[in-house]
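Letter by letter, the sequence shown follows residues 1 to 192 of the numbering used here.
Hint data in this document are derived by calculation from the structure and do not stem from the laboratory.
Heads up, a few of these hints could be off.
Stated by the list, open to error - Straight-line Cα separation of at most 27 angstroms, DSS-like style, residue types lysine-lysine; simulated pairs:
#	residue 1	residue 2
1	Lys38	Lys120
2	Lys120	Lys74
3	Lys27	Lys11
As the list claims (entries may be wrong) - Restraint ranges, calculated between C-beta atoms of paired labels, are given here:
#	residue 1	residue 2	range
4	Ala167	Gly128	38 to 48 angstroms
5	Gln94	Lys74	15 to 25 angstroms
6	Gly39	Asn118	11 to 21 angstroms
7	Gln94	Tyr153	15 to 25 angstroms
8	Glu42	Glu161	42 to 52 angstroms
Built from N, CA and C at the ideal position, the CB exists for glycine as well.
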Amino acid sequence: MGYSMELISLKGYRKILGLSHIRVRGKPRVDEVLEEIKGSPEGLTVQLLDSRAIAGRNHVYHAVRLCLKAFRRKLPISRNLQVELLLYLAARRQIDDSIRILGVKEDTRNIVAIVLGNSKESITRYMGGLVSRLGEAIPTQLIGGKGVMDPKYIAQIYQIEREELDATYLNGSQFMNILEKLVLERIALFSL
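All chains, please: the whole structure from these sequences, using the hints.
Below, the structure is given as structure tokens:
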């Protein structure tokens with residue numbers, strides 16, 4: 001494969017989730033990123049996000065499952081799966097807020113690529129091309145290595161207060177694990 005990617009089968013939804021963490025070559029051009037998302041092949045749903053705002057693999061997995069569940073129940077906020085996924089990942093009902101929080105900006109250096117589809121082969125092929133177009137894949141916490149998520153930024157954008165972190169900090173739990181669980185809670189509350 002030549003790059004780091006994780007494929008996760010979403011049982012019950014007949015979908016496969018592809019995740020990769022990409023270090024951007026140079027400054028990302030927002031218009032190119034938007035074209036990449038809009039121009040994704042038929043049958044694939046693509047989101048490219050600022051990795052500083054992603055609390056970990058479970059953050060993505062949980063948001064994707066709840067987003068698909070909303071579509072299955074015919075209760076989505078948006079009619080577009082790409083937009084719905086963005087809303088769930090940000091735990092926000094406003095598209096502009098979600099883009100402000102998760103969107104790729106001029107200063108973004110690391111992107112989390114999410115590709116949702118029916119075929120491992122099509123996801124793998126698309127992700128390989130995506131990585132080569134944008135930069136290089138890097139191993140992260142998201143897919144089994146060292147992460148570049150920004151805990152202070154995550155706490156700020158998901159409005160997680162110090163008291164909430166302290167109340168959740170039990171038995172020597174890892175800070176990022178606690179932060180990720182609190183983000184998952186925000187997403188679960190969003191889905192209600």
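Each hint tested on the structure:
Straight-line distance between C-alpha atoms of Lys38 and Lys120 comes to about 20 angstroms, which keeps the hinted pair within the 27 angstroms bound. With a C-alpha separation of about 26 angstroms, the suggested pairing of Lys120 with Lys74 holds against the 27 angstroms cut-off. A C-alpha spacing of about 37 angstroms is found between Lys27 and Lys11, which places the hinted pair above 27 angstroms, so the restraint is violated. The hinted window of 38 to 48 angstroms between Ala167 and Gly128 holds, with their beta carbons roughly 44 angstroms apart.
Range check, Gln94 to Lys74: about 22 angstroms between beta-carbon atoms, so the 15 to 25 angstroms window is met. At roughly 19 angstroms, the beta carbons of Gly39 and Asn118 sit within the given window of 11 to 21 angstroms. For the pair Gln94 and Tyr153, the supplied restraint of 15 to 25 angstroms holds, since their beta-carbon distance comes to about 19 angstroms. At about 44 angstroms, the beta-carbon gap between Glu42 and Glu161 stays in the expected band of 42 to 52 angstroms.
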